[in-house]
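> Here the numbering used here is used: position 207 in the sequence shown is 207, and no number is missing along the way.
One thing to keep in mind: the hints can contain errors.
Here are the computed lysine to any residue pairs in the SDA-like style, where the Cα-Cα straight-line distance is at most 20 Å [claimed, not checked]:
#1 K157 to G228
#2 K157 to R71
#3 K157 to A168
#4 K157 to A225
#5 K157 to L13
#6 K157 to P12
#7 K157 to E223
#8 K157 to A22
#9 K157 to A23
#10 K157 to R141
#11 K157 to R44
#12 K157 to V75
#13 K157 to A19
These are calculated hints, taken from the structure and not from any lab test.
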Amino acid sequence: MLVAAAVCPCPPLLVPEVAAGAAPELDPARAACLDAVGVLAASRPDLLVVVGPGDGRTAGAYPAGAHGSFRGFGVALDVTLGTPDPVAQGPALADSLAVGAWLLDRARWAGAPVEGLAVDGRSPAAECARAGQQLAARADRVALLVMGDGSACRTLKAPGYLDERAEAFDARAAEALGSADLAALDALDETLAYELKAAGRAPWQLLSGAARGAGLGGRLLYEDAPYGVGYTVAAWS
1 MLVAAAVCPC
11 PPLLVPEVAA
21 GAAPELDPAR
31 AACLDAVGVL
41 AASRPDLLVV
51 VGPGDGRTAG
61 AYPAGAHGSF
71 RGFGVALDVT
81 LGTPDPVAQG
91 PALADSLAVG
101 AWLLDRARWA
111 GAPVEGLAVD
121 GRSPAAECAR
131 AGQQLAARAD
141 RVALLVMGDG
151 SACRTLKAPG
161 YLDERAEAFD
171 ARAAEALGSA
181 DLAALDALDE
191 TLAYELKAAG
201 RAPWQLLSGA
211 ARGAGLGGRL
221 LYEDAPYGVG
231 YTVAAWS
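Please work from the sequences and hints to get the whole structure.
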């Protein structure tokens, strides 16, 4: 069953080497993410799964030791899910999972084995919930590191330009994530999330499915919209 979860944003800019001169702007978000990962470590899971958004090309499961890279962003930095496996085969990690792997490395994760799952951003809520229930049944003590951004439409210079609906959507999502409100997460509108480019919607609804019956409480650690994108960090335990 699910014993803990950490919710973090997944922009490659979270990695200081990618952000370069802009790196200090996200220092508060990085600190909150590391605090959330600390909650995962304290839960002493048997299995940790990093969950994040993907697309038709990258969606799917990734085994322990899978490799990722930020070379596509001009940085010679490679990461792995958990313990490096020099003979690991398969596709490179989805970008969201690579950011999660970087976070775990920064936190010096040395606990349970780590696997990954990239969720197609267009997956219906019910499908996400079923996937979450399946993950929670994988071991006696499962923890999730859930990577995902809110809307990308908070300002005129945001990736998705300004959409007046974005702030309210992000506020509802942050409140739900901060209080572990499963019904509110289930109720996030799939079409609206897609229009607002909120990549975290599917992973968040997977988390809701995984947490059913677990009785977890939530704590909001960070909520802001740098660069016009909604970023939320929360810890469930």
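> Could you grab the alpha-carbon distance between K157 and A168 and see if it respects the 20 Å cut-off?
With Cα atoms ~18 Å apart, K157 and A168 stay inside 20 Å; holds.
> K157 and A225 were given as a pair; does the straight-line alpha-carbon distance stay at or below 20 Å?
holds (12 Å)
> Given the proposed pairing of K157 with G228, does the C-alpha separation stay at or below 20 Å?
The hint holds at about 7 Å.
> Below or equal to 20 Å on CA atoms is what counts here, so check K157 against L13.
Given that 20 Å is the threshold and the Cα spacing comes to 16 Å, the pair holds.
> Does K157 pair with R71 here, judged by a C-alpha cut-off of 20 Å?
With a Cα-Cα distance of about 25 Å, the restraint between K157 and R71 is violated, given a limit of 20 Å.
> Sort out whether R44 lies within 20 Å of K157, counting only the CA atoms.
Violated, at roughly 42 Å.
> Sort out whether E223 lies within 20 Å of K157, counting only the CA atoms.
Holds - the C-alpha atoms of E223 and K157 are around 19 Å apart, at most 20 Å.
> For the pair we were handed, K157 and P12, check the Cα-Cα distance against 20 Å.
holds (18 Å)
> Between K157 and V75, is the straight-line Cα distance small enough, at 20 Å or below?
Violated, at roughly 24 Å.
> Do the alpha carbons of K157 and R141 lie within 20 Å of each other, as the hint requires?
With a Cα-Cα distance of about 42 Å, the restraint between K157 and R141 is violated, given a limit of 20 Å.
> Does the structure keep K157 and A22 at a Cα separation of 20 Å or less?
holds (16 Å)
> Against the 20 Å threshold, does the CA-CA distance of K157 and A19 hold or violate the hint?
holds (17 Å)
In summary, the numbered hints that this structure violates are 2, 10, 11, 12.
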